[in-house]
Amino acid sequence: MKLLRRLVPHPLLTLLLTGTWLLLVNGWSLNSLVFGFMLGILIPFVTQPYWPDRPRISRPFKAIEYVLVVLWDIVQANIVVARIVLFKPNSERRPNWITIPLDLKTPEAITTLAGTITMTPGTLSADVSDEGHCLLVHCLDAPDPEAVRDEIKQRYERRLMEIFE
Amino acid sequence: MNHLLIAPVLLPAIVAPFIIMVVRHHMDLTRIFSVASTVLLAAVTLALWAMAADGTVHVYELGDWPAPFGIVLVLDRLSAMMIVLTSILALPILLYAIGSGWDERGANFHALFQFQLMGIMGAFLTGDAFNLFVFFEVLLIASYGLMIHSGGGRRFQAGVQYVVYNLLGSTLFLFALGTLYSVTGTLNMADLAVKAAEMPADDTALLRVGAVMLLLVFAIKAALLPLHFWLPSAYANAPAPVAALFAIMTKVGAYAILRMFTLVFGPDVAATTGLSEAWLLPAALLTLIAGAIGVLGSKKIGRVAAFGAIASMGTLLIAISLFTETAAAAALYYLVHSTLAAALLFLVADLVVERQGPWIFVNKPMAQTGLISALFFAAAIALTGMPPLSGFLGKLLVLDATRGADLAAWIWGVILVGSLITIIGMARAGSILFWKGHGLPQDEEEPDETDGTETGAKPAHLPFVACFALLGGLVALTVFAGPATNYAEQTAAQLYAPADYIQAVLGKEAQ
Amino acid sequence: MESLFEFLVAAFLVIAGIFGIVGSYGLIKLNDPMSRLHAPTKATTLGVGGVLLASLLNAAAFGKYFSVHELMITLFLFLTAPITANFIAKVHIHRQETRESMPSAGEDHHWATHDTPEDEEQ
Amino acid sequence: MIETASQFAFGCFALAVLLNLWKVVTAPEIADRILALDTMFINAIALMVLYGMALGTSIFFEGAMIIAMLGFVSTVAYARFILRGNIIE
Amino acid sequence: MSLFLIAALPFLGAVFPALLIRAGRNAAASAAGLTTFLAFTGLMLHIPAIFRGETVFAAVDWLPALGLNAHFFLDGLGFLFAAMILGIGLLIILYARFYLSREDPMGQFYSYLLLFQGAMVGIVLSDNILLLLVFWELTSLSSFLLIGYWKHLPEGRQGARMALTITGSGGLAMIAGMLILGHIAGSYDLSVILQNKEAIQSSDLYLPALILILLGAFTKSAQFPFHFWLPHAMAAPTPVSAYLHSATMVKAGLFLMARLWPVLAGTPEWFYIVATTGLVTMLVGAVIALFKDDLKALLAFSTVSHLGLITMLLGFGTKIAAVAAVFHIINHATFKAALFMTAGIVDHEAGTRDIKRLGGLRHLMPVTFTIGMVAALSMAGIPPLNGFLSKEMMLEEAAHTVWNGSHLIVPVLAGIAALFSAAYSFRFIAHVFLGPKRSDYPGHPHDPTPGMWIGPAFLVVLVVLIGLASAKIAGPMVATAAGAVIGGEKLPYYSLKLWHGLTPALYISIFAVVGGAVLLALHKHLEKIWNALPRPEAKTIFEAAIRGFTLLSRGLTEGLHNGMLTRHATVMVTFTVAISYLAYQSGILSAATRAVQDPGILPVVGWFVLVVATLFIVAKHRNRLLALVLIGAVGLVVSLSFNYLSAPDLALTQISVEVVTIILMLLALNFMPKETPVETPAFIRMRDGALSIIAGLGTGGLIYALMMRDFAFPTISDFHLANSYKGGGGTNVVNVILVDFRGYDTFGEIIVLGIAAVVIFALTEAVLGSKVRAYLLNREPDLPQAGDAHPLMMVVVTRVLMPLVLMVAAYIFFRGHNLPGGGFIAGLIAAIAIIMQYMASGFSWAAERQRFFYHGIIGSGVLIAAATGIGAWFNRKPFLTSDFGYLHWPPLEEFEWATAALFDLGVFLAVVGAVLLALESLSRFAWQPGIGTEHAMDINPARDDAADKTGTEG
Amino acid sequence: MELLVASAVGILTAAGIYLILRRRSFPVILGLSLLTYAVNVFLFATGRLVSGAPPILNKYEEVVYTDPLPQALVLTAIVISFGMTAVVVMVALGAYLSSQNDRTNMPAEPEGAGDDE
Ligand code: NA
Ligand code: NA
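So the sequences go chain by chain: A, B, C, D, E and F.
1 is the number of the first residue of the first sequence in the working numbering; add one for each residue after it.
166 is the number of the first residue of the second sequence in the working numbering; add one for each residue after it.
677 is the number of the first residue of the third sequence in the working numbering; add one for each residue after it.
799 is the number of the first residue of the fourth sequence in the working numbering; add one for each residue after it.
888 is the number of the first residue of the fifth sequence in the working numbering; add one for each residue after it.
1842 is the number of the first residue of the sixth sequence in the working numbering; add one for each residue after it.
Derived from the structure by calculation, the hints contain no laboratory data.
Computed from a predicted structure; not experimentally measured.
Among these hints, one or two may not hold up.
[Said to hold, decoys possible] On the chain B side, residues computed to face chain F include the following (Cβ under 7 Å):
1) 295
2) 302
3) 313
4) 318
5) 322
6) 325
7) 329
8) 339
9) 627
10) 629
11) 633
12) 658
13) 661
For every residue, glycine included, the Cβ atom is placed at its ideal position computed from N, Cα and C.
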């Protein structure tokens, strides 16, 4: 078991890579699967020193839900932002900084949250605080910063807490 | 299909990575492998020389693809001569580098040295124009490394100039090759020859541009004025053994001109006639004068050697630029001579620099003055073309071969006046270095305490062995001038009868 | 059915085009640097996404083979765009803002970009 | 219909590239220029995919993917240079 | 004894003293003397044959291609000279042994001397004029060493260089002359040339050849106006002067004129050039000699004068004058060598050779006085000594010579020269030896050891004997030698005797001797006049000329080769453009055969971006970071263009290379100034701009012209397209070309990359091994630094991204043979994946986790590629012959294998290793203590909070 | 299309040469980069311009391919010039660090030595 853990340090990554290979070769065949799986084992093994600790994902199915939520938000927010960009005069726009205190602790979780914020239009993660307890978010147009903060914490951070911690 | 043809390229190409990988941290082992490889290389090239001596053109089809579709190596008398010259030049230089401790003053000297040899060998052996470019780059990039070996502000600055200037040259090379390919649809040199000869008379302009750009590229390497500016500071600032090895680098340019402008754009090719008549010879004459004046005007011993090398390139290019068989024969003899002579002068200059610095100025007697001054005297005689060494014979051959030329009076005048200026310059340098300030030499020679020779175990006589080996080469070239010129004549004859070469490379497809 | 796919592909293309241009337009129109950062990283990402979806759908419906590898491009864009934005924002904070001009960093002292070596020595 | 939409998209992204160029050239701040260049990379990806779709080939896929992968590296390098001077420290 | 051996012995002799340096002075002298003696004896063995009028030959071919062969011959003339050279050489060797002091390196001296002797013997024995040239130049070189023997004396060095310059330049002219002469005669062998008088003298090239050869002879023999080097050569030790200026070096020119006399003499050109030069030299030398206070200078100018005399005689072109010339050559050699040795003795013993400080030595050095007096009287032309005889013959010939219609001019000037000659000879006797003894000699004059005076005494005996019994003693020799000079023709009537009756010569002679005595009496007054006369000092003029030329050379050299890259590059570009244009306009451009393609919208947009970005780079290049950002835009467009124009492989390569290059430049820029200052004036920028635009028009026009025409012949790539799959096993033709058709190029290319990395590594070592290291360790960043060197988000994303990118690299690698990709691009991508890691977590952190050493990766890459190529040998195929096939391992489907993939693996490894070694080296520049962290990211709340809980960290 | 490519080559060449003629090593390196683009595009264009016909053999149908050989040559040239660029950047850096000066022109040497007599 220990040997297996050393050989396959990141099982999820191995799966991800195998899937990636199939995506890359753009087709499904036994050869591809076998070969992709071999690479999926080899590459994490080779790169293991750069990722010494192993992130825990406690509830993988929550992750799928999360992805769907984010995708939907992206589509929705894109339209909002497009309207702001196209039609809202600069003078009426209220850009704002928001500080989001973090309950998340692990770097993987924080990064996912920050990435989500950036990918959903209208908000953008700009920085973390010097000890990593807060996230600095910039809003394109946020007359009410508290509302945005609460929504982020509610909609994303809560779900990520469930997934990662 | 004789695999020996690829050996001069493969041997250093394998030894160099081996040195880097396995014995990089063991200087002694590195030296042993480097010397052994070079000795073996000399043996291989001599064997190839023997193969080529009967006039057969040997072809090696890499990847088993027929010419002109794949790349071929071609061994004829000229390439055989050049690879032999390279390997027998390399050996004493390598011994010098070891003996003088130059090789330990920076990392990876021996690997770069082997790579350099690989590049030169490749350039001499290839029968493909683009592959010539590749091997030019191999030898150039190795030379960049050797040039800045052991570092130092001024050397780096000279290195920047050297690299930038040569990169411009490499760019021009690509422009030229692109043009030639675009016109003829081929890269193989023999095939280019066939195509150039068949070029329609009303479609010559672009081929001419390509050909002349190629000539300019080679002229840069051959240090033809006004494309020679890279040479003085590069050679004068390079470590001595490297500068000595560089003596063959200018000859790569000379070789390439000889090769391409006899085989491909030879005197009989209608489309490219008159490309160089108007300017190549005058430029060569000016090169000789510039070199001679430089010898006289230099304040540093290294620059004296560098300008001496330029002057000798001037003489060589004069002979080449006539594009006649007899002049080519003279050029080939002179080429061998000037390579050995320039290398010797660089090494001797280093013996001086090691003892009293680079300036032509003396404030203290140096160790081993007698030996060094004798070597300097010999090197100066050789490079200035004074008897009894081969330089004089080479000069006579060139004069003799150029007597029929339109500008014969100019050629003779320039060669002779150039010799005179060089003689005055060398006498000036030599008398200041070895006479001035040397009152009465001590019989007891103090051990040399200058840096670079501090490693006690180092055999201090090795540098002298190297110098005398080069000198021995010059003497041999003098004594066996008959056979040597005979070979040169046969080589020139082969060059000016390119049909055999083309037939050998293209086989049945040749017309 | 085919016309439905055709319509979908065309729609994706139009949407993509619109978002693409909006993103780059925003880059010019928006008047403060931090806001400009929003335009491309969002709209362009969907713009490219639209094209990729169109391509995927197009290949699936009309091509000779099923093509999914466009997803890889999306994957890389989604992974890298936040980092790009993060860094450009940090450049902005570094060059244009001071500790004082920034909002409070909550329980921590300041934002990481303004972290200087002297702080670490404390 | 796809043809027309495709032309439209081409036009949009080509125009977008020109807008990016405008910003690269005129932006007062280096950060804006980097941003505009990064955006240009992304628009270029779109153009490549569009072109491949128009030709009915997937030959451009790798090009687009590698731009997506590597465009980010140079952007980060520029930014790191401004932030830290040394991009590998 | 073979002529080869005679010619070779002195050279062998030159080696022994050098080897015997440590064996002592006597050993060196004995070795030199023995070899010379052997050679001399060998020569003497030929006496019977020579005096029978035969010629001895010895020939071996050396450089037949040129006609330069080791052909020697010995006839009367050669014998005479060889005998003098070796005979006087023996005396000099003896003399020098005692003359040189303990501090002088004796071995060196004898080596040089014998080298010189060998060269001289070579000259006189050569039957090949090219061979003669070899020895001729050797005498210049060896005399350079001899004259400069006393290195510590500036006059020695200057004199040596002056002699070398003058005689060397004459020698060079002579090379040309000899080549022309040989060309006319059809051979370089003297024995052939001497048979071709008609052809030579009727040739158009006669005059140039004559002038060039005479330049050589005149410079060597110190003829006016080249005479001035000779007195300065007196800085040499006296044995050298005695040798060079009596019998040898200066006589080489005379020898040459005598040697070529049969074919060159007898024309008006010859007469007016040679005779006039000789006459003027004779006069000038004699006059100057009278006013020299330095004994050796006096003798030097007298030598000049006598050389002029002989030259004049040869110039007359008559056979009888030639006889006189030969006779005077012998006589001059005897008395002049004796005189030099005498002067040396005086100098050696009295401590000075300044005539003004001498006098009265007759009492202190009777032997020396006797020798000197006899020799000087012979020089003055006093009977019954040998000098008188030949001078009489000279005056006789002069009296019969008509110069440009004038019967008087030659005899009168010759008479005046004889007058001065007598005067300075008398002065040599009177002012040195006669008069009262002085009390203020610098030394303690007394006669030297016999070793020093035996030589001159022997010569003086000859002087007297020849004078008294000339026909018996010198007659045969003169006849033989003169016979050789006039080309074997019948000798005219002459007789070598003291009394010829009351001839014009006798009157002139009496006038000269008496006048000479008068001049000596008036010397004090004449000297005043002489000193008041303005006279050009040849040495000063020469030195000024040389110095001026040296300075000019220095100015030109330093001015042109001054390391101004900007200028050098400007010249190069200009020259290239000009020559290329010349080549273009001298050819014919055919009509375009292709139509212009209509560009769509994308190319126009791309072109626009490229052009704007490029121009903007030029405009804004001073802001270096901005320029790099813009380069990124150019690279992007170029990559897209490749894609658009059907070159996906190129597009991939271009974009990957772009990224790595930019990273590299940013790493370097970190240490360099961030701005480029304005340094060039506007007009230079305008000039550079104009030149650049012309060059741009050139390349743009060229490629346009090329693109608008079809290939003139079918291109070889048709073969590649046709055979890529069949023979190379791949459908990506570009890749098959790279790894198969032209795999050898690729082999070279990866080696270039490998070398680049090795160079960079070595350079890094050199820089970090120098004082720069200290600077780097203490270097403060020149721009304010933001915090958070290793941001959390970047690190986390990299952890996921890196395996993904490596996966892509693997994908690109494996598909390369059939689809765009391949080892090179894969290598770059893999390298970038690792660079990402370096950028995210820093060099130190990542390097600690580095499992492979880049040197090894590069090396193994090259070796794998090489081994793949060599593998073909076992298949009896050439290097790099590829092979491929298909495998079926159930349950897997059939798949292809190809050796090309192994080769490509070599490429992959070399690229990865090279890129990373380069970047790693650069990163080492920036390393400072404390820069690295033990953590991958600077901020990590999970880590910090855990630490807080355990209390291990504050 | 040809005109676009040709003019691009010309402009890149001109810009490259202009920068190479500057006096500091960094602009010279920038110039070399631009010149490299120019020559690579030049070399590429010698195969004539064809769009949408990459030389990837199609097993199923007869199609036109562009000339693959110049592409292979350009690939080699790109790789080589990459190596060269890396080296020149490093040498320039070495020169700058060793002399605190990034001028490409060599400074005049100190009149270190005396003269001949
Ligand atoms: Na967002
Ligand atoms: Na093959």
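Evaluation of the provided hints:
{"no.": "1", "hint": "295", "verdict": "holds, 6 Å"}
{"no.": "2", "hint": "302", "verdict": "holds, 5 Å"}
{"no.": "3", "hint": "313", "verdict": "holds, 6 Å"}
{"no.": "4", "hint": "318", "verdict": "holds, 4 Å"}
{"no.": "5", "hint": "322", "verdict": "holds, 5 Å"}
{"no.": "6", "hint": "325", "verdict": "holds, 5 Å"}
{"no.": "7", "hint": "329", "verdict": "holds, 6 Å"}
{"no.": "8", "hint": "339", "verdict": "holds, 5 Å"}
{"no.": "9", "hint": "627", "verdict": "violated, 29 Å"}
{"no.": "10", "hint": "629", "verdict": "violated, 26 Å"}
{"no.": "11", "hint": "633", "verdict": "violated, 29 Å"}
{"no.": "12", "hint": "658", "verdict": "violated, 34 Å"}
{"no.": "13", "hint": "661", "verdict": "violated, 30 Å"}
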